[in-house]
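Since chain G is already given, all that's left is putting chain Z on it; use the hints.
Single-letter residue listing:
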Amino acid sequence: MDVLRQLALDFSVLSLLAVGGAPTVFPEMQRNVVEVHGWMSAAQFADLYAIAQASPGPNILVVCLIGWKVAGLAGALTATLAMVGPSCVLTCLVAGAWERFREARWREVVQLGVAPLTVGLMLSSGYLLTRSADESLAAYALTAGTVAVLMLTRVNPLWLIGAGALIGLAGLV
Amino acid sequence: MNAATVIPTPYELFTGFLRVALCGFGGVLYWARRVSVEERRWLGEAEFVDVMSLCQFMPGPNTLNLAMVLGLRFCGWRGAAAGFAGLMVAPFLIMLAMGMLYTSYGNLPLVQSVLRGVAAVAAGMMVSMGLKMAMVARIRNILCVVGVAAFAAVAVLRFPLVQVLLVLAPAGVVLAWWWHRDAVPRSPSAGRGGES
Numbered sequence: 001m002d003v004l005r006q007l008a009l010d011f012s013v014l015s016l017l018a019v020g021g022a023p024t025v026f027p028e029m030q031r032n033v034v035e036v037h038g039w040m041s042a043a044q045f046a047d048l049y050a051i052a053q054a055s056p057g058p059n060i061l062v063v064c065l066i067g068w069k070v071a072g073l074a075g076a077l078t079a080t081l082a083m084v085g086p087s088c089v090l091t092c093l094v095a096g097a098w099e100r101f102r103e104a105r106w107r108e109v110v111q112l113g114v115a116p117l118t119v120g121l122m123l124s125s126g127y128l129l130t131r132s133a134d135e136s137l138a139a140y141a142l143t144a145g146t147v148a149v150l151m152l153t154r155v156n157p158l159w160l161i162g163a164g165a166l167i168g169l170a171g172l173v
Numbered sequence: 001m002n003a004a005t006v007i008p009t010p011y012e013l014f015t016g017f018l019r020v021a022l023c024g025f026g027g028v029l030y031w032a033r034r035v036s037v038e039e040r041r042w043l044g045e046a047e048f049v050d051v052m053s054l055c056q057f058m059p060g061p062n063t064l065n066l067a068m069v070l071g072l073r074f075c076g077w078r079g080a081a082a083g084f085a086g087l088m089v090a091p092f093l094i095m096l097a098m099g100m101l102y103t104s105y106g107n108l109p110l111v112q113s114v115l116r117g118v119a120a121v122a123a124g125m126m127v128s129m130g131l132k133m134a135m136v137a138r139i140r141n142i143l144c145v146v147g148v149a150a151f152a153a154v155a156v157l158r159f160p161l162v163q164v165l166l167v168l169a170p171a172g173v174v175l176a177w178w179w180h181r182d183a184v185p186r187s188p189s190a191g192r193g194g195e196s
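Protein chains in written order, with our numbering: chain G, 1 to 173; chain Z, 1 to 196.
Chain G with its partners taken away, still in its complex shape:
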């Protein structure tokens, strides 16, 4: 299968699996891109994720970077459309029905049951990104410090990204 078709297939499946948002599928994305297809190393994947975090817009646009790295402009377009298209269509189709079941008990049960799954997947993303991004004790300390600051304060994360860039520039991690 050529690479564009592979990108389209992989990401449109992920689009429909991204229950609870983009972060839940980062582990699967990394598994596909790094382990299954060997398109890049885990460290490069973490690089691309870092760039996406440091840029404005939805984090899901990391797929644009992955597509670009794998197959240039056509890859970036294919990956992005595949990642957002199917879920957008599905959401539009369900939006009307969801309103009608506002009071339904099963809706609450389903939401309650899916929530822990989303949390588990999000923490998996954090764990895997930490493992692939951090190569030194100092880097682990920076990650831990970021978690502490974000849990305890309401600081804009942009400041932390800037601080991370400076700490990296100084060669500390």
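By construction, these hints were calculated from the structure, which means they are not laboratory data. Heads up, some of the hints might be wrong.
[To be verified] Some chain G residues near chain Z, calculated using beta-carbon distances under 10 Å:
hint: 1; residue: 8
hint: 2; residue: 38
hint: 3; residue: 102
hint: 4; residue: 164
Note that beta-carbon positions come from the ideal geometry of N, C-alpha and C, so glycine has one too.
What follows is chain Z alone, placed relative to chain G:
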């Protein structure tokens, strides 16, 4: 807050979500709430929570789902297209430029050093988001099993996501239903819930 809400045009949806996109460094959801509820007054607080419950439940990026749902609600498919374009087009172009820079300069030692620092912070942002959700989500003890199982399967054992979801999503819903039945005494209206 009970301020009157304003029905946006497709153009306003476009500029509103463009603002969300361009302000949204490290996560756009915060800005989506701020723009649509506080600045533009398209929705009240409670309505926003209600719409978000759908957007978080459906697959796909939450904020993009929000753009689609609000667009549809206010202006039909033209609104959905406007919200989509506002949120996605400018960030896509910026990301493309970043991709080009990374291809050309990604291997320079200086760039590598900066990226190492940013990547460590980005990983921490993801962990804290997961932890915050864990504290907010109404997860009972029995449901924690599902979260821990998901972590073990995906992060440690590296199972493919499809299989994990096929097993754990129904398990979570069954546990939630079981817990819900015990925790909530039958109210007069509870009988009409239907099969699922």
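Quiz item: Quick one, is the residue 38 of chain G hint okay against chain Z at 10 Å, beta carbons?
Solution: Result: violated, 15 Å to nearest chain Z Cβ.
Quiz item: Holds or violated: residue 8 of chain G as interface residue toward chain Z, Cβ cutoff 10 Å?
Solution: 16 Å, violated
Exercise. Grab the minimum C-beta distance from residue 102 of chain G to chain Z and call the hint holds if it beats 10 Å, violated otherwise.
Key: Since chain Z brings a Cβ to about 7 Å from residue 102 of chain G, closer than 10 Å, the hint holds.
Exercise. So, residue 164 of chain G near chain Z? Judge it on the closest CB pair being under 10 Å.
Key: Holds. Min distance 3 Å.
When each numbered hint is compared with the structure, violations occur for hints 1 and 2.
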